[in-house]
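I would like the entire structure built from these sequences, with the hints used as guidance.
Mind the numbering: the sequence shown is residues -28 to -1, 1 to 89 in mature numbering (1 follows the signal peptide of the UniProt record, and there is no 0), read in order.
For the record, the hints were derived by calculation from the structure and aren't laboratory data. One or more hints might be untrue.
Restraint-style ranges between C-beta atoms, simulated for each label pair [stated by the list, open to error]:
no., residue 1, residue 2, range
1, Pro68, His32, 27 to 37 Å
2, Pro44, Ala5, 28 to 38 Å
3, Gly35, Ala5, 30 to 40 Å
4, Gly22, Gln80, 34 to 44 Å
5, Gly70, Gly33, 27 to 37 Å
Where a beta carbon is used, it is the ideal one built from N, C-alpha and C, also for glycine.
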Amino acid sequence: MYKPVLRGAAATAVAGTALLLAPQAALAEPKSATCPQSYCSVVQVDGFPGGTLSVDADVHGEGKARFQVWGPNGYYCTLTFEAAAGPGSWLCFNAPAGRYAASVEGPQGSSNIGLRW
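Structure, rendered in structure tokens:
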């Protein structure tokens, strides 16, 4: 099931996962990574209680970028966005409790990915 989302350009929510542009929210056990290259990941984020997961990402360059989030029971949330749009935050809904991993890939330069709830 695909649902369009707007953030600079049209994007796609995958596997029935709703994604929305989200305001900054209170942090609870944020996990993030900053990398000098265009690909960055944060793995084994434990302790998520389930529900709504916030994804923060930033990349550099011109063109498309994408973040991906993997969780228990085959949970998957992804979004393609414009790299030049600057740092952004999105929500992944109906995420089960458990351990998560996330990555972001941009066209060039450094990158950052973070998960919070």
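Each hint, compared with the structure:
no.	hint	in the structure
1	Pro68 <-> His32: 27 to 37 Å	33 Å, holds
2	Pro44 <-> Ala5: 28 to 38 Å	21 Å, violated
3	Gly35 <-> Ala5: 30 to 40 Å	22 Å, violated
4	Gly22 <-> Gln80: 34 to 44 Å	36 Å, holds
5	Gly70 <-> Gly33: 27 to 37 Å	33 Å, holds
When the structure is compared with the earlier hints, violations turn up for hints 2 and 3 and for no others.
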